[in-house]
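Add chain C to chain F, keeping to what the hints say.
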Amino acid sequence: MGITVDVAYKSFNKFGEVLCGDKVEILQTEDSNIMILADGMGSGVKANILATLTSKILGTMFLNGATLEECVETIVDTLPICQVRKVAYSTFSILQVFHSGEAYLVEFDNPGCIYIRDGQLVPIPENIRVIKDKKINEFRFRVKKGDALILMSDGTVHAGVGQLLNFGWLWEDIAAYAQKQYCRTISAARLATAVCEACDELYMYRPGDDTTVACMRIIDSKPVHLMTGPAENKDDDKKMVDEFMSGEDNTKRIVCGGTSATIVSRVLGRPLDVSLDYVDPEIPPMAYMEGIELVTEGVLTLNRVIKLLRRYVEKEVVTDEFFQELDKKNGASMVAKMLIEDCTELHLYVGKAINSAYQNPGLPFDLGIRQNLVEQLRHAVEEMGKPVTVTYY
Amino acid sequence: MRVTICIGSACHLKGSREVISQMQDLVAQNGLSDKVDLNGAFCSGNCVKEGVCVTVDGELYSVKPEETKGFFEKEILGRM
Chain F
1 MGITVDVAYK SFNKFGEVLC GDKVEILQTE DSNIMILADG MGSGVKANIL
51 ATLTSKILGT MFLNGATLEE CVETIVDTLP ICQVRKVAYS TFSILQVFHS
101 GEAYLVEFDN PGCIYIRDGQ LVPIPENIRV IKDKKINEFR FRVKKGDALI
151 LMSDGTVHAG VGQLLNFGWL WEDIAAYAQK QYCRTISAAR LATAVCEACD
201 ELYMYRPGDD TTVACMRIID SKPVHLMTGP AENKDDDKKM VDEFMSGEDN
251 TKRIVCGGTS ATIVSRVLGR PLDVSLDYVD PEIPPMAYME GIELVTEGVL
301 TLNRVIKLLR RYVEKEVVTD EFFQELDKKN GASMVAKMLI EDCTELHLYV
351 GKAINSAYQN PGLPFDLGIR QNLVEQLRHA VEEMGKPVTV TYY
Chain C
1 MRVTICIGSA CHLKGSREVI SQMQDLVAQN GLSDKVDLNG AFCSGNCVKE
51 GVCVTVDGEL YSVKPEETKG FFEKEILGRM
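Chains F and C supply the protein sequences, listed in that same order.
Residue numbering for the first sequence follows the working numbering, beginning at 1 and increasing consecutively.
Residue numbering for the second sequence follows the working numbering, beginning at 1 and increasing consecutively.
Don't read these hints as lab results, they were simulated from the structure.
There could be a bad hint or two in this list.
[As the list claims (entries may be wrong)] Okay, the calculated beta carbon distance ranges per label pair: (1) Gly45(C) / Ile186(F): 38 to 44 Å; (2) Tyr392(F) / Ser44(C): 22 to 28 Å; (3) Asp37(C) / Asp327(F): 30 to 36 Å; (4) His99(F) / Ser44(C): 31 to 37 Å; (5) Gly78(C) / Asp327(F): 43 to 49 Å; (6) Asp327(F) / Gly45(C): 48 to 54 Å; (7) Glu18(C) / Thr391(F): 34 to 40 Å; (8) Glu66(C) / Thr391(F): 42 to 48 Å.
None of these values were measured; they are calculated from a predicted model.
Positions of the beta carbon are idealized from the N, C-alpha and C atoms, including for glycine.
Pulled out of the complex, with its shape left as it was, chain F reads as follows:
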């Protein structure tokens, strides 16, 4: 059976820094998912450059099938040498999970990966290989559904050093905390956020180091189909709805748009029940239809969805408060929540018809921007590391 992953990460910058010295890359190859976390020496611009170079080199070379030796050699030869410290240095962890369930973990000088299976910690054995004077730990194993793997930068274990905690937050204690959160949370996003927020608290909201937590959970695939906008040519309505309704049994479906919902209702012969419940004054109420998880208004809702997704992908601002916003029962929050937490791949079915009634300069919002919104939506979801396809009608 094919393995699917849910990946997410969260970073805090060292207090006062604009750039983060940790960098996470999330990539997909044809047969695997890769998550890379690099932590550049120092902080600010230098660290950011080191970490970015390291993660990008690793990512690009791995994607093209290079061996670990080649990758490490390239990094050692490429990283600029710091004028002050006279070394070029960035730690890294690489986690590659193949669709077959095979997994490969490479660690260099980061705190060890936390591996949780069935609520229990799985120890990662020592298997050190020396490449270019660097001691690198390799671990090959098999994942199964439900597993969670957490990569971290050392900002986590340094949390609270000398202040709230004498020696920082010990790895064992972080692991125990992650274990507890593993049972309480469903998505990678919430697990990564929980651990990272705890670090921030231990730092008393002034992190002394860049802190990053990247999480991968092994899950069933969760395809989401989202339809928005009526087809340009009315004759394509049926084709559009048929394709939107196709897919495996576990597919979740969202319709964003009143006219689109009316079309789906007509083609499928299922009644549409429109609510009057304005949960949020700015977002029109939702509607209900059998077999469709979410039915919402179109562009105003999508506009808000994109704002929420952008807040999520621009890591610095994802906090517990964000998840409270996500848990609200308005159309936009519910769509965003599904895309963030309950989706591994997104298929967009987009109609290109222009609603003549929207070409009204008297309206305070430009409603004729659906295709622009769809592009923004696609980018945001791709930035989360999830594949997106778009079909226009």
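Just chain C now, with coordinates in the frame of chain F:
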């Protein structure tokens, strides 16, 4: 009596929320909750009109938020 109020994008911007909350209040104040069935509706393709699309037993009207009370007295109370 079945009354639908459009909550599509265009009508929303023209004040659906205001029309809905006024109508809900008016229906309750006049003790008509059993007789008037308020429903939401999506775009019926009549958004070129100036107000929010409202139907009363299938008949289409265009209602601006400030006209809600007058509309209610004429078209809903008036038919009782």
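Now the hints, each set against the structure:
1. Between Gly45(C) and Ile186(F) the beta carbon distance is about 41 Å. The supplied range of 38 to 44 Å therefore holds.
2. Between Tyr392(F) and Ser44(C) the Cβ separation comes to about 25 Å, which falls inside the hinted range of 22 to 28 Å.
3. Taken as a hint, the range 30 to 36 Å holds for the pair Asp37(C) and Asp327(F), whose Cβ atoms sit roughly 31 Å apart.
4. Distance hint for His99(F) and Ser44(C): a CB-CB separation of about 47 Å, inconsistent with the stated range 31 to 37 Å.
5. Checked against the hint of 43 to 49 Å, the C-beta distance between Gly78(C) and Asp327(F) comes to roughly 44 Å, which is consistent with it.
6. Look at Asp327(F) against Gly45(C): about 35 Å separates their beta carbons, and that is not inside 48 to 54 Å.
7. The beta-carbon spacing between Glu18(C) and Thr391(F), approximately 37 Å, falls within the hinted interval of 34 to 40 Å.
8. For Glu66(C) paired with Thr391(F), a C-beta distance near 43 Å keeps the hint of 42 to 48 Å intact.
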